[in-house]
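Line by line, the protein sequences give chains A and B.
Residues 179 to 471 (this note's numbering) are what the first sequence spells out, left to right.
Residues 67 to 183 (this note's numbering) are what the second sequence spells out, left to right.
Bear in mind the hints are in silico, worked out from the structure with no lab data behind them.
Warning: the hint list may mix true and false statements.
Said to hold, decoys possible - To give an idea of the chain A side of the interface with chain B (calculated C-beta under 7 Å), a few residues:
1. 303
2. 310
3. 328
4. 330
5. 331
6. 335
7. 348
8. 350
9. 377
10. 395
11. 406
12. 436
13. 437
14. 446
Stated by the list, open to error - From the derived model, a few chain A residues whose C-beta atoms are all more than 10 Å from chain B:
15. 228
16. 230
17. 234
18. 264
19. 290
20. 320
21. 371
22. 408
23. 416
24. 419
25. 428
What the hints assert, rightly or not - Cβ-Cβ distance ranges computed for the label pairs, FRET-style:
26. B:164 <-> A:262: 22 to 30 Å
27. A:417 <-> B:154: 44 to 52 Å
28. B:162 <-> A:444: 39 to 47 Å
29. A:229 <-> B:161: 50 to 58 Å
30. A:250 <-> B:150: 30 to 38 Å
31. B:182 <-> A:414: 49 to 57 Å
32. A:430 <-> B:161: 16 to 24 Å
33. B:183 <-> A:313: 29 to 37 Å
Small disclaimer: the values here were computed from a predicted structure and weren't measured.
Every residue, glycine too, gets a C-beta built ideally from N, C-alpha and C.
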Amino acid sequence: MNKKFPVERLVHQRGFRALLFCSTFILLALALACSPAPDQPVTTAANNDPDQLLRQMSEKLAQSKTLSFKVNRTLDPALVEGRDVPETTQVEISVSRPGKFQAKSGNKDYVRQIFFDGQNLSVYDETMKLYATVPVAGTIDEAVAKIEEIYGFTPPLAEFILSDPYLALNKIIKTRAYSGREKIAGVECHHLSLYGDTADSELWIGVADLLPRKLVATFKDIESRPQLQADFSDWNAPTLDDKVFAFVAPADAEKIEMVTEAQMIETSAKQGGAPANAAPEKSATPTAGKKGT
Amino acid sequence: MKRTKRVFSGKYLSEKLQSVVAAGFLGAVFLSSASLAPAQYGVARRTTVVSGPNRTVVARQTTVVRGGTALPHGYIAALPGGYRAVVVSGARYYTVGGIYYRPQIYGGRTVYVRVHI
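With the rest of the complex left out, here is chain B:
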């Protein structure tokens, strides 16, 4: 399986890592990256690494993501309760609480992206 490495900005940091960054390394230049390891038995893992000066690893956290990369802002893995399907210009959307979602397939499953209609 091919190993892929993606570079993201620091917003993927967990709260714990964010607090570490804020407390101890404020002002320093960090490079945070999310490396998507090859899936094993259908389970993919994303490792977030925080590097300090001279590429020293100051923090590392691994989470498991079923499918691929963690869903970015605006995407949800499951619709909130009480949703209903609507058809807009021939395409199906889902709406709940005044928010509209468009379904897409990502990572072998259905995900929903928030849209403005």
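Only chain A is shown next, with the shape it has when bound in the complex:
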């Protein structure tokens, strides 16, 4: 007499064993089909770590000996002197590590270029056909620091061309968060929210290539909370000739002086810090015959 429980009886039936085998096979096949291919990005807790993603993006940028990319940058009016509508500018940047970069920015109002060849910094106002060249030697990192210290400005989005972008970004980011995945211009991206003392930024990094795709910075220390938006595109690692970074003045361009921040502060101090729109007073006299520095 068969005393087995109904389930046990079922298991011992030949048809059920075949069904069980087939089901297991199908489940295994499905599991394999659904797992990502080795060359595809894998979503794990580790690569949803915003700090890790920033580091990976930084490493990706730093690894490239040469780099070129485009940025469509929009600045709210509060970020541009004398404007009451947003300013959109196209910026093209070429980099050759460790010591060369060139940036061209422009819109319907102006076109400007900055050249750094490891020895000299040149700023060329293509619209007005004016240029200035000053000696600035060193690596890109050293040049960016010197340009800011001596000449009081930073090339646009310089944080992304330094030898360690993470280090530069980490200085201005206090806290960070992973905000999910989104498509930017058709590219699947990690969305990071980065919070700093003076600006909060949203940064989108490509899932597959770990390159920055979009940046929106909100300057919260300004009442109107103006934004800078940068849409990155055309990332390449091309072969770049040294000529790209060496400025050769066009025949119809005139050399003028590049004023340092110290000179401008001194001028301001002599005037008692008068704002630019104050009543005119005695101003500088040109040096006859001098054609810049």
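Add chain B to chain A, keeping to what the hints say.
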């Protein structure tokens, strides 16, 4: 990025701050300073702080300046309409309405300083 701090006289105060100063703190000794914060993504900021007695901050205003320090008196960021270029002693100047300007590069862009010729 290196943080720089510059001391200016009170003429950088906005109209609002000037009115505050005039209304409430006339006669007091103030120290106003403009601190140029490190540029972020190519955008620099200047914070004007007005300090009262015992270094208490009585007002603060932040503005953004593309390039470096705000342009001092006599400088303009763009030429007025109708200007024309002239060459004086081999150097290029621009003139409009009887006023002459000499171009210079400052803050990565061209600025124009008013000059007497």
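Exercise. Among all the numbered hints in the text so far, which are the ones the structure does not match?
Worked result: 3, 7, 19, 22 and 28
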